[in-house]
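K.L.:
Sequence:
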Amino acid sequence: MEAPRAPKKRVAGRRSNFEMYSWLFMRMSGIVLVVLVLGHLLIMNVLDGGVHKINWGFVAGRWASPFWQIWDLTMLWLAELHGANGLRTIINDYSRKEGTRFWLTVLLAASVLLTLGVGTFVIFTFDPTMTG
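123 is the number that this note's numbering gives to position 113 of the sequence shown; each next residue is one higher, with no gaps.
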């Protein structure tokens, strides 16, 4: 059995910078997410009167503006991809069998696609005139 942190053997002739770009994405997306999330919390909880004001009409008014749609969409995509990248790293580090690693990665990819698809769909097709 190999040591847990032993470097993986590389296949000859195969070279990729994916892990470096993944590492860079985590740092950059983390910085942008801090700004987006803290801005979101400041605006929603301090400047707009607190969480007790958030209801259907409040969301409808905000998502009537393309600015807030893009803000929320960017926050959704970056948070989802940032978290998925972290989980991908954990799966690669701790799953011992190739089959387990493969199926966990497939489940992760499916959940990311589903969440991004549904979230994007809701943001862009939200109908503020809909009545319950």
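Since the hints were derived computationally from the structure, they do not count as laboratory data.
Cβ coordinates follow ideal geometry from the N, Cα and C atoms, glycine included.
Just to be clear, a hint being listed does not mean it is correct.
[To be verified] Simulated restraints on C-beta separations:
#1 TRP78 x MET36: 37 to 43 Å
#2 VAL56 x ALA13: 46 to 52 Å
#3 ARG111 x ILE64: 38 to 44 Å
#4 LEU124 x ALA70: 23 to 29 Å
#5 SER75 x VAL128: 19 to 25 Å
#6 TRP66 x GLU108: 15 to 21 Å
#7 LEU97 x LEU52: 27 to 33 Å
#8 PHE77 x ASP137: 40 to 46 Å
#9 ASN27 x TRP113: 22 to 28 Å
#10 ILE53 x VAL116: 34 to 40 Å
#11 ILE100 x LEU123: 14 to 20 Å
#12 LEU124 x ILE64: 23 to 29 Å
#13 GLY40 x PHE77: 39 to 45 Å
K.L.:
Next step is simple, just say for each hint if it's right about the structure.
P.N.:
A quick look at each hint next to the structure:
1. Between TRP78 and MET36 the C-beta distance comes to about 26 Å, which lies outside the given range of 37 to 43 Å.
2. Checked against the given bound of 46 to 52 Å, the beta carbons of VAL56 and ALA13, roughly 49 Å apart, stay inside it.
3. The beta-carbon spacing between ARG111 and ILE64, approximately 41 Å, falls within the hinted interval of 38 to 44 Å.
4. Our hint of 23 to 29 Å for LEU124 and ALA70 holds, since their Cβ atoms are close to 25 Å apart.
5. Against the hinted window of 19 to 25 Å, the Cβ-Cβ separation of SER75 and VAL128 comes to about 21 Å, which satisfies the hint.
6. At about 48 Å, the CB distance of TRP66 to GLU108 disagrees with the hint of 15 to 21 Å.
7. The supplied range of 27 to 33 Å is met by LEU97 and LEU52, whose beta-carbon atoms lie about 28 Å from each other.
8. For PHE77 paired with ASP137, a C-beta distance near 19 Å fails the hint of 40 to 46 Å.
9. Between ASN27 and TRP113, the C-beta spacing of about 26 Å keeps the proposed range 22 to 28 Å intact.
10. Hint check: ILE53 to VAL116, Cβ distance near 38 Å, so the stated range 34 to 40 Å holds.
11. For ILE100 and LEU123, the Cβ-Cβ distance of about 19 Å falls inside the hinted range of 14 to 20 Å, so the restraint holds.
12. The supplied range of 23 to 29 Å is met by LEU124 and ILE64, whose beta-carbon atoms lie about 25 Å from each other.
13. Distance hint check: the CB atoms of GLY40 and PHE77 are about 23 Å apart, inconsistent with the given range 39 to 45 Å.
Checked against the numbered hints listed earlier, the structure breaks hints 1, 6, 8, 13; every other hint is satisfied.
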